[in-house]
Amino acid sequence: MSALRIAYHGEQEVLMSATTVGPLQHDFRVISLIGVAHGASHYYQLAFATMLLIVRQEAGLSYADVGLLAGIFYGVSGIAQTAAGFAVDRFGARPILAGGLFVVGCGLALISFA
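Count along the sequence shown from 1, add 70, and you get the number used in our numbering.
Please note that the accuracy of each hint is not assured.
Said to hold, decoys possible - Okay, the calculated beta carbon distance ranges per label pair:
id	residue 1	residue 2	range
1	I101	V136	32 to 42 Å
2	R164	A129	16 to 26 Å
3	Q95	A129	41 to 51 Å
4	F161	A184	24 to 34 Å
5	M121	G148	15 to 25 Å
6	Q95	R126	44 to 54 Å
For the record, the hints were derived by calculation from the structure and aren't laboratory data.
From a predicted model like this one, the values you see are computed outputs, not experimental measurements.
Glycine residues also receive a C-beta, built at the ideal position from the N, C-alpha and C atoms.
Using the sequences and the accompanying hints, generate a full structural model.
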């Protein structure tokens, strides 16, 4: 959708067209993709915690062992997310996001064989 507006440049009146929907659609798309990726990140982290509780008895782990494993996982996750933030600043969000989701997906696939 285009809208017409009048801009004043010095003494001259200039008729300009402004596209308002294009940038909004782009912003919506970017925010949606970031939201989906962020949601997937939380899903993977919560899936890990739930999985630990499910396999706790089969692996012969105590709740303290499960807590230690979860603490290590979330500690490493925090360090990796900090490093990923620096990598995003240097290389851009798209390759880091794609690589991170790929690595996490591969890790979950490997866990399924355990």
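Each hint, compared with the structure:
1. Range check, I101 to V136: Cβ separation about 36 Å, and the 32 to 42 Å hint holds.
2. Evaluation of the 16 to 26 Å hint for R164 and A129 yields a failure: the beta carbon distance comes to about 38 Å.
3. Range check, Q95 to A129: Cβ separation about 49 Å, and the 41 to 51 Å hint holds.
4. For F161 and A184, the hinted distance range of 24 to 34 Å is satisfied, since their beta carbons lie about 32 Å from each other.
5. A hinted range of 15 to 25 Å holds for the C-beta pair M121 and G148, which are about 19 Å apart.
6. Between Q95 and R126 the C-beta distance comes to about 47 Å, which sits within the given range of 44 to 54 Å.
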